[in-house]
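Chains as they are written, first to last, in this note's numbering: chain A, 1 to 295; chain B, 1 to 248.
Treat the hints with caution; some may be incorrect.
Claimed, not checked - Simulated DEER-style distance windows between Cβ atoms:
{"no.": "1", "chain 1": "A", "residue 1": "Leu169", "chain 2": "B", "residue 2": "Asn42", "range": "54 to 60 Å"}
{"no.": "2", "chain 1": "A", "residue 1": "Arg224", "chain 2": "B", "residue 2": "Arg16", "range": "50 to 56 Å"}
{"no.": "3", "chain 1": "A", "residue 1": "Leu192", "chain 2": "B", "residue 2": "Ala88", "range": "18 to 24 Å"}
{"no.": "4", "chain 1": "A", "residue 1": "Phe51", "chain 2": "B", "residue 2": "Asn42", "range": "27 to 33 Å"}
{"no.": "5", "chain 1": "B", "residue 1": "Gly133", "chain 2": "A", "residue 2": "Tyr113", "range": "23 to 29 Å"}
{"no.": "6", "chain 1": "A", "residue 1": "Asp278", "chain 2": "B", "residue 2": "Lys135", "range": "33 to 39 Å"}
{"no.": "7", "chain 1": "B", "residue 1": "Arg16", "chain 2": "A", "residue 2": "Leu254", "range": "50 to 56 Å"}
{"no.": "8", "chain 1": "B", "residue 1": "Ala88", "chain 2": "A", "residue 2": "Asn204", "range": "25 to 31 Å"}
{"no.": "9", "chain 1": "B", "residue 1": "Gly14", "chain 2": "A", "residue 2": "Arg224", "range": "35 to 41 Å"}
{"no.": "10", "chain 1": "A", "residue 1": "Ser227", "chain 2": "B", "residue 2": "Gly168", "range": "45 to 51 Å"}
{"no.": "11", "chain 1": "A", "residue 1": "Gly264", "chain 2": "B", "residue 2": "Asn42", "range": "46 to 52 Å"}
{"no.": "12", "chain 1": "A", "residue 1": "Trp131", "chain 2": "B", "residue 2": "Arg16", "range": "22 to 28 Å"}
{"no.": "13", "chain 1": "A", "residue 1": "Phe69", "chain 2": "B", "residue 2": "Gly168", "range": "55 to 61 Å"}
{"no.": "14", "chain 1": "A", "residue 1": "Phe69", "chain 2": "B", "residue 2": "Asn42", "range": "58 to 64 Å"}
Rather than coming from a laboratory, the hints here were simulated on the basis of the structure. Think of the CB as a built atom: it goes at the ideal place given N, C-alpha and C, for glycine as much as any other residue.
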Amino acid sequence: MTSSSRVVELDTKTHAASRQLGRLDAVGYLICLGGIVRRELLRFFNQKERFFSALVRPLVWLFIFAAGFRNTLGVSIEPPYQTYVLYEVYVVPGLAVMIQLFNGMQSSLSMVYDREVGSMKVLLTSPYPRWMLLLAKLIAGVSVSIVQAYTFLAVAYFWETDIPALGYLTALPAFLAAGMMLGAIGLFLSSLVRQLENFASVMNFVIFPMFFASSALYPLWRIRESSETLYWICELNPFTHAVQLVRFALYEQLEPVSCLVVVGTTLAFFAMAVIAYDPGRGLMARRGGPAGDTP
Amino acid sequence: MTAEAPALLVANVGHRFGTRAALDDVSMTVERGRFTALLGPNGAGKTTLFSVITRLYTNQSGRVAIFGHGLDREPSRALARLGVVFQARTLDTDLTVEQNLLYHASLHGIPRRAGKARIAELLDRVGLADRRGEKVRTLSGGQSRRIEIARSLVHRPDLLLLDEPTVGLDLESRAGIVAIVRALVREEGLSVLWATHIFEEIRPEDDAVVLHLGCIVGRGTAGTIAQGAESLEDAFRRLVAERGRQAA
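Please put together the full structure from these sequences, using the hints given.
Here it is, written out as structure tokens:
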């Protein structure tokens, strides 16, 4: 370690030079963020099964489900599509965001797991403010989900998905926003779930309703034809807007309403997660702290 | 606050879970460069006290300061000077030893290169330099504990908290861990708070605090606490029994 890279901070309370190696400024936080993202990616690539199952799920939908419904579910012209599109083309954006939905919940699951095994404590004793640590955790999860989503798009490319080349680039901020929203929902849910075993109910009550009551698999006008109530449920579902944001971005367009809904939902759920993880006010304090403790 | 601020100050701290008081008006200090033992039976409140000091819970009353930095007003400065070894194993078993330690270094804002150099030095110190690239799951319990101690020192803390670090280890591993921490106090002037209920780990000259049912029931050097009793363990049993009677 060189003396220049070591931050010697003058401790105003004790008038002594502190020996700490770390830095508490913005550069230090970026190092912290980088470390949290790196750990998440290492864990992801270490778990080969997780990588493949994340990829297989949407591919099964695309290759089998979409192929099967190809002839029964034609999709007429509606933005952002300029012509009549095949069902496979329609479902690709929804399936890519589905990966992010599962990943958001997977990150949430790993937060609960981290809390049970105690490694959450290691994270929370970092000197950076807690909201910054949660934000870093969120960004780490989103990074993993973007790797997964683009891997899926790369495979889907060979399946006549008709996405313009520039669309892959313009969709990146949309995937980032959608990932942040789904990650923030997952983060908040992780503060509510006390034990890992309870996580199955999150799957049943969150993932499936969010996915099916959305525009991922079918355009909302088709749902409206059968039920006006269901149509409005789908409209109010933030997952619909995440899908629409990505769908338009893949065709180099911005959907402003979806963008606002996604950003607003992200901020709301992230704020609730920060409160829930606050050591004084949150659910952790009320429930007696992280699981596994013997007070 | 002056240069005399202790390494750790816990003043009138209380913490409740619902109606149950886990800590009741707890006050104690860890002086600079001292090995302080926190003694208490299971359920005494040791882990809750550790959770308050590490800011996993906010103290509901009273004050906690690390080298004069209050956890309420300057949590970042306080936590930057604190190293912790938790009771539960907290290493990521899927990652290598070095990856685990680098992750911790980044949590404290230590650049990668500086972190690597510091990690090499610490692994050498705990006698596991040759296991650097191995996955944590291949290590024994005692080795994992030594890695956790190395990890808690990566950011050069001035105060080290260890919550029953030798529980579940064999005699040899226990002795090795105690020796490492005592050497840190002796050679680097580290201040240590060591929670335990294993009396052989404590020397007469160590500071000691006895906690039972959320209250401090004895304090002083281990030698003075043991005075008038057959041993420290005997004195401890009497203090705990007395508090038990009072509570009843």
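So, going through the hints one by one against the coordinates:
{"no.": "1", "hint": "Leu169/A to Asn42/B: 54 to 60 Å", "result": "58 Å, holds"}
{"no.": "2", "hint": "Arg224/A to Arg16/B: 50 to 56 Å", "result": "53 Å, holds"}
{"no.": "3", "hint": "Leu192/A to Ala88/B: 18 to 24 Å", "result": "22 Å, holds"}
{"no.": "4", "hint": "Phe51/A to Asn42/B: 27 to 33 Å", "result": "42 Å, violated"}
{"no.": "5", "hint": "Gly133/B to Tyr113/A: 23 to 29 Å", "result": "25 Å, holds"}
{"no.": "6", "hint": "Asp278/A to Lys135/B: 33 to 39 Å", "result": "34 Å, holds"}
{"no.": "7", "hint": "Arg16/B to Leu254/A: 50 to 56 Å", "result": "51 Å, holds"}
{"no.": "8", "hint": "Ala88/B to Asn204/A: 25 to 31 Å", "result": "30 Å, holds"}
{"no.": "9", "hint": "Gly14/B to Arg224/A: 35 to 41 Å", "result": "58 Å, violated"}
{"no.": "10", "hint": "Ser227/A to Gly168/B: 45 to 51 Å", "result": "59 Å, violated"}
{"no.": "11", "hint": "Gly264/A to Asn42/B: 46 to 52 Å", "result": "48 Å, holds"}
{"no.": "12", "hint": "Trp131/A to Arg16/B: 22 to 28 Å", "result": "26 Å, holds"}
{"no.": "13", "hint": "Phe69/A to Gly168/B: 55 to 61 Å", "result": "56 Å, holds"}
{"no.": "14", "hint": "Phe69/A to Asn42/B: 58 to 64 Å", "result": "60 Å, holds"}
Of the numbered hints listed earlier, those contradicted by the structure are 4, 9, 10.
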